[in-house]
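> Chains R and Y supply the protein sequences, listed in that same order.
Just so you know, we're using this note's numbering here: the first sequence kicks off at 1 and counts up by one.
Just so you know, we're using this note's numbering here: the second sequence kicks off at 1001 and counts up by one.
Keep in mind that the hints were calculated from the coordinates and are not lab data.
Please note: incorrect hints may appear among the correct ones.
[Said to hold, decoys possible] Quick list of in silico lysine-lysine cross-link-like pairs, BS3-like style, CA-CA up to 25 Å: (1) R:K445 to Y:K1445; (2) Y:K1267 to Y:K1202; (3) Y:K1230 to Y:K1262; (4) R:K86 to Y:K1202; (5) Y:K1202 to Y:K1320.
A quick note: this is a predicted structure, and the numbers were derived from the prediction, not measured.
There are 2 protein chains.
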Amino acid sequence: MDTEQRVKLGSKAAAAFLGIGSEVKDRALGAIARRIDESRAEIESANAADMAAAERSALPSPLLKRLSFGGAKIDEALRGIEALIKLPDPCGRFLEARLLDEGLVLRRVSCPIGLIATIFESRPDALVQMASLAAKSGNAIVLKGGSEARETNRVLSAIIARAGEAAGLPSDWLVALETREEIGNLLRLDAYVDLVIPRGSKEFVARIQATSRIPVLGHSDGVCHVYIHKDADPNMASAIAIDSKTQYPAACNAAEVLLIHKDYAEKGLPPLLSALAEAGVRLDICPRCETLLLQETERADEANQPRAQAARTLPAYSIKRDEDWAVEYLDTRMAVKIVDSLEDAIDHINQYGSGHTDAIVSASGQAAAGFMAGVDSSSVYHNASTRFADGYRYGLGAEVGISTGKLHARGPMGLQGLLSYKWLLEGSGQIVADYASGKRSFSHKDLPLDGEGR
Amino acid sequence: MDTEQRVKLGSKAAAAFLGIGSEVKDRALGAIARRIDESRAEIESANAADMAAAERSALPSPLLKRLSFGGAKIDEALRGIEALIKLPDPCGRFLEARLLDEGLVLRRVSCPIGLIATIFESRPDALVQMASLAAKSGNAIVLKGGSEARETNRVLSAIIARAGEAAGLPSDWLVALETREEIGNLLRLDAYVDLVIPRGSKEFVARIQATSRIPVLGHSDGVCHVYIHKDADPNMASAIAIDSKTQYPAACNAAEVLLIHKDYAEKGLPPLLSALAEAGVRLDICPRCETLLLQETERADEANQPRAQAARTLPAYSIKRDEDWAVEYLDTRMAVKIVDSLEDAIDHINQYGSGHTDAIVSASGQAAAGFMAGVDSSSVYHNASTRFADGYRYGLGAEVGISTGKLHARGPMGLQGLLSYKWLLEGSGQIVADYASGKRSFSHKDLPLDGEGR
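Just chain R, with the same shape it has in the complex:
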């Protein structure tokens, strides 16, 4: 069967999924976990083949690490499935309920989106996670993993698909694609696929966003900022700047640019930059920053302090002369810029940021409120590290991804990102003619959201 035929079957499975209840979905997740557990030897042998091929083709060691799947990683994947089983069914929840008139009740109820395609690089654990999230949320799924993990993914997707079907999920609820060519075909199938969720490098996601007519949820860039307001506590400022930059520099929620209010910089620049440098951060500073640092050296001269001592307190840096502030180093390197005001900081972030996560450090609730309202990003923080932007840290139960788009889901997405809703109207024979003629009229009384509605 070609890609289109297989994806079309997946779309039929999505419709069949609508009739399947919570018990069947949870039973299927249990069966999937059991079958994975029973098939460890088969999975590990497939993974060994992938690892051997990857070593032969000299895959860099961080990628090798992500590719390996066995033992503890399988344990973790199984714990993830068990945790999902314990979550309440995200479908069939009342989101809104209104009495339109006597005996005419309108309810807005959560439901699956339909057929979701996920495309990701290497990690086989992502395959297990996305497939089980799909089963829990009642969506059919198309999975395309990285080609380095082909053998592992093939074994895993066959086990998961079959175990799910045997436990009552619709046939073809999981469609596994293997080749790069199939991705191209998939991205053209907007008639069948409701949503694409790509997970991988920024170039990878950007390419998919640029290619497909299917809605894409995800993020490519992570140009995050920490802004130090004039009244920031110096210890908090350096702790948050250092954590935002260095706690995991390759993450999308790591800060790339440090903005500093001129009044803060006037006194606090040298110690703040020194603290960053001591934490191993290479600094690309704006010319205004350098002027301030040099003034500091002069002050030391005037105060007749040994020049060497002043220099010791100054960090190493390079000067950033260009105006390209949409930098994403994904490394222990940070751009630093002095701004004249809170408004300038907000404007800078809205112009150069990627709408991911941005933080202000300030003692003033009013400045923070202005920042949080004015910055147009999916996550905006006051006195906290940008590294908190993550589904687990947000308490979402499971993380489907992080979206920097403003429609549907924004920021870290839990299972909610895989859900739509529909309107259910329960009547007793009402017709619109009676309301148009004035014989009856709407009362529109909001109802409490108790109980479950499927």
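Could you slot chain Y onto chain R? The hints should help.
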């Protein structure tokens, strides 16, 4: 200025809008209503020019009716704005709140989407409505009305834009486009425009959906169904079928196809179809329907009733032999098909429907529950006319449109369709390193959603 420059200014206005509070938005709406009221003469004279040109070019009379704008229509537009002012600010509402740890509070808060483009045919009242909905929801807006209404739209958009700016809305919050060529340019500007909402004929919406990379919210087709289950009450069945078809046949939520369970058809087909025919509906029936109708005639013969009497109880019809059930007559014409089971009805609707609105008539709560879960449409009804699918009838306050997509907003959209959300994290210096090292841990305690958060 060319389209791109003007739309870019609109996108800057969207960022500036984030800093503007509820009072300013409501004050601006008040100023807009006052200026429209004071400018009635100017508006009506522009509209007279449009009407004269339209009459010269022999515009059909329903379109002329939609084009006219003055007197009572202005009153109604002003009442719409007054009603919007009274609504609470839809932005800054807490949607979720969670204590992540002591002194670390996460809130999900509603906020504007950004720059929204609306494109619509003729009606100048739609321009007033969409501009005021944008102001209330804090979105900048690009407006392109029908070319027949050019003079009216030009006057209205200038009045609204200026009155809003004078009252404190950002410069360029309303960008008015006039030519068809500009639409093409606009639809390419996905770097600046966050969302397109087209309102107009099905071909018009479908063309925009097919053209743009910008997300589109709306609906093109409205292939709605009424399904009569085997246990349906005959009076309710015909009342709902007639209302769904005839109450306003040109509406997208009018039913186009009547599905009838074979057991119901066995006894109830002739009176049901006769009732529809008497209500003026032309019927395109499936061959199975005809067989049943002919059997009825034979029964009349056997019972020795005058054949003419039996024939009188039978409706006029034509036979629908093709399998194209995705019909949208938008007229007093209806396709009729007999199905073997509830499951067949659901499958038929999911295959041929447009995901708009579909209804079951049944005395059984269990059958209705199966139908409402299994039908993949934005609105699914039990014992009510499909014509209820409408923002005002749903009690949404204002209707932005109806979406048949499954992402973001689905079905009738109120102001919620113009809103996104963002995550606000209020900390006291927390860094992720402390949680990674185990020094601190997350408590993840949901908080009550009281108060407002901007």
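> For the pair we were handed, K86 of chain R and K1202 of chain Y, check the Cα-Cα distance against 25 Å.
Violated: K86 of chain R and K1202 of chain Y sit about 45 Å apart, past 25 Å.
> Is it true that the CA of K1202 of chain Y sits at most 25 Å from the CA of K1320 of chain Y?
Measuring from Cα to Cα gives roughly 24 Å; hence the hint holds.
> Given the hinted pair K1230 of chain Y and K1262 of chain Y, is their alpha-carbon gap at most 25 Å?
holds (7 Å)
> Would you mind confirming whether the straight-line C-alpha gap from K445 of chain R to K1445 of chain Y stays at or under 25 Å?
violated (31 Å)
> For the pair we were handed, K1267 of chain Y and K1202 of chain Y, check the Cα-Cα distance against 25 Å.
violated (37 Å)
The structure is inconsistent with the numbered hints 1, 2 and 4, although it conforms to all the rest.
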